[in-house]
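With these hints in hand, go ahead and build the complete structure from the sequences.
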Amino acid sequence: MGRWAIAIHGGAGVDPNLPEQRQEEAKRVLARCLQLGVDLLRAGSSALDVVEAVVRELETDPCFNSGRGSALTRAGTVEMEASIMDGRGRRCGAVSGVSTVRNPVSLARRVMEKSPHSYLAFAGAEDFARDQGLEVVDNSYFITDENVGMLKLAKEANTILFDYRVPLSGADTCALAAAASDNANGMVMNGLPISIYAPETVGCAVVDSNGFTAAATSTGGLMNKMTGRIGDSPLIGAGTYACGLCAVSCTGEGEAIIRSTLARDVAAVMEYKGLPLQEAVDFCVKERLDEGFAGLIAVSGTGEVAYGFNCTGMFRGCATEDGFMEVGIWE
Amino acid sequence: MGWAIALHGGAGDIPRSLPPERREPRMATLRRSLDLAVAALQAGRTALDVVELVVRELENCPHFNAGKGSVLTSDGTVEMEASIMDGNTMRCGAVSGLSTVVNAISLARLVMEKTPHIYLGFHGAEAFARDQGVETRDPGHFITDENIERLRLAKQANRVQIDYTQPMKAQPPTDDNSRIGTVGCVAIDSSGNLATATSTGGLVNKMAGRIGDTPIIGAGTYASPLCAVSATGKGESIIRHTVGRDVAALMEHRGLPLKEAAARVVAGVPRGDVGLVAVSAAGEVTMVYNTSGMFRACATEDGYSEVGIWPEADSDANANGGN
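Listed in order, the protein sequences are those of chains W and C.
Taking the UniProt record's numbering, I'd label the letters of the first sequence as residues 1 to 331.
Taking the UniProt record's numbering, I'd label the letters of the second sequence as residues 1 to 323.
Derived from the structure by calculation, the hints contain no laboratory data.
There may be inaccurate statements among the hints.
Listed next, the stretches of chain C that the computed footprint assigns to chain W, with coverage defined by at least 3 CB atoms under 8 Å from CB atoms of chain W [stated by the list, open to error]:
| no. | segment |
| --- | --- |
| 1 | 36–46 |
| 2 | 142–152 |
| 3 | 242–249 |
Each computed BS3-like pair below joins lysine-lysine, with the alpha-carbon atoms no more than 25 Å apart [said to hold, decoys possible]:
| no. | chain 1 | residue 1 | chain 2 | residue 2 |
| --- | --- | --- | --- | --- |
| 4 | W | K114 | C | K155 |
| 5 | C | K68 | C | K259 |
| 6 | C | K114 | W | K155 |
| 7 | C | K155 | C | K68 |
| 8 | W | K152 | C | K114 |
| 9 | C | K68 | W | K114 |
| 10 | W | K273 | W | K286 |
The beta-carbon is built from N, C-alpha and C at its ideal position, and this holds for glycine as well.
This is the structure we're talking about:
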């Protein structure tokens, strides 16, 4: 009999200047979602059910960039994506370009379980959601006033933002552009200073007491992204991966995560180099990410939890069967 | 160490009884594409240019399932996808859901080079194609009579399957291209640059919106400073086994040579599901599959070349000096 473990995240690359109130709010949401997962695991739910339930909860809360509260495309619309993977049999499902499905992670699970395919996108994914009778809402449900404001700022600065939670007055947009070109001063991600870069993709990795693993990731993608842009979150092996050894969910600069097939590589390093979970995570964060910034959470099939990131902070939480529980942002 | 090139036109259950009128045009295209690649490599073109050039040629051939000749969705439309990756820089680009772009692989390269993103899909990818001014055609351009018939047969088989509670017995392969015919190319140039490219129409009677392994970096396509890989076969299997990345991961993390890494990955995927071509930084080439055959060709600078469909004994191989 194994021991259960759960890890969740709400994005990596958190701005150190993020207002205290917002940090507290994010931690409250993380703690609530983590507790939901813990309760389900104690009640004997499967890893797959737990990652779906926890990610649904994170999607539904507008605090993070997934489901309600998703970042907006250039066109001011929401295009969400998500994936889920069952370590048992490495079954997987993914969706991109979802604009009306209330919980994209549940659509990803339906793709895995009810379609002959692994990945559906855009109109085809929307049609499938309707066939499956999933809850759909108007696109405006996902759009928050805060994100409308951020899109405006992103357009003025003519940059792509993951998200933008740091208050800036109108006059500060010039400062923003100046800061973006000032690479010498502080960390830069996608050409943007870290202080205006706060990706808030959500994800969850679980091992249940039967030793089965699962992972799920969900996102609205980049603020001011081109319509049609697909990031790492729906890509099996990049943003999400689960197998017998471990389950992993990544967040951060999507393009760097795709190039490094980050989630799969944690498992590959365990499998092919024989490293334990935390060492595998550390190795991948250090060696596999190029100049890109990202973070990840992971659980092993034997009930360990681990996380790693190479940026200023990551919204995260984890809990294990022996009573350990933690919610944090910084190192 | 010199240049090396390998390309494929899909792996699957290819019956030995494949009639000459189906075999020969494909063999001819494989030979022509190989010649094109060899000439380009000899002329000093980069690996990235060469894989794009070869895949364009294969896309333009209506006998393969990519570009013109792509198989149809259950709606009777084409939705093409492709990806490209450069080994040394690990830059990459991918597209899905294209219905009017003549050469999907070239749009994937433009996504890599002209956008801050890696992967664009569906209407956003089509809009980008128009911004970039790439050649587009009416969707009807891509649809061949042969593929209309394939869709009809696939739908008929589906209906039969729904009508009977007993699962249908495996049908004898009556069609050689119903789920295969994805095209791909890997190359290393004489400066040591590695690149890979893969392009497909997907599978017959797929749901609209279905994305397969081809555009997914790490699944159907992957390149690193160690090797370049292009895979083909059952997409869902290739995705869950992250086939492309796993060849590179075994070399990187386990220290296996290319051939062993590729053989091990292919052996780990259910029989009948996968084939791949790969080249390494050391200039090795491998073409492996666990299907009955794979349309394939390769050549190396030292004079070796091979064009084949089924296992080695039947392939048309030429070692240095001929034998």
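Hints, verified against the model:
1. With 0 residues having a beta carbon nearer than 8 Å to a beta carbon of chain W, the segment 36–46 of chain C misses the requirement of three or more and the stated coverage is violated.
2. Given a C-beta distance limit of less than 8 Å, the hint that chain W covers the segment 142–152 of chain C is violated, as 0 residues qualify and 3 are needed.
3. Only residues whose beta carbon comes within less than 8 Å of a beta carbon in chain W count, and the segment 242–249 of chain C has 4; three or more means the coverage holds.
4. For the hint linking W/K114 to C/K155, the alpha-carbon distance of about 18 Å falls within 25 Å, and the restraint holds.
5. Restraint check for C/K68 and C/K259: not satisfied, since their Cα atoms lie roughly 33 Å apart, outside the 25 Å limit.
6. A distance of roughly 19 Å separates the Cα atoms of C/K114 and W/K155; the hinted pair therefore holds under the 25 Å criterion.
7. With a CA separation close to 21 Å, the supplied pair C/K155 and C/K68 stays within the 25 Å bound.
8. Only pairs whose Cα atoms come within 25 Å are accepted, and W/K152 paired with C/K114 is accepted, the gap being roughly 23 Å.
9. A distance of roughly 31 Å separates the Cα atoms of C/K68 and W/K114; the hinted pair therefore is violated under the 25 Å criterion.
10. Taking the CA atoms of W/K273 and W/K286, the gap is about 15 Å. The hint holds against a cut of 25 Å.
The structure fails hints 1, 2, 5, 9 (numbered hints given earlier, in ascending order).
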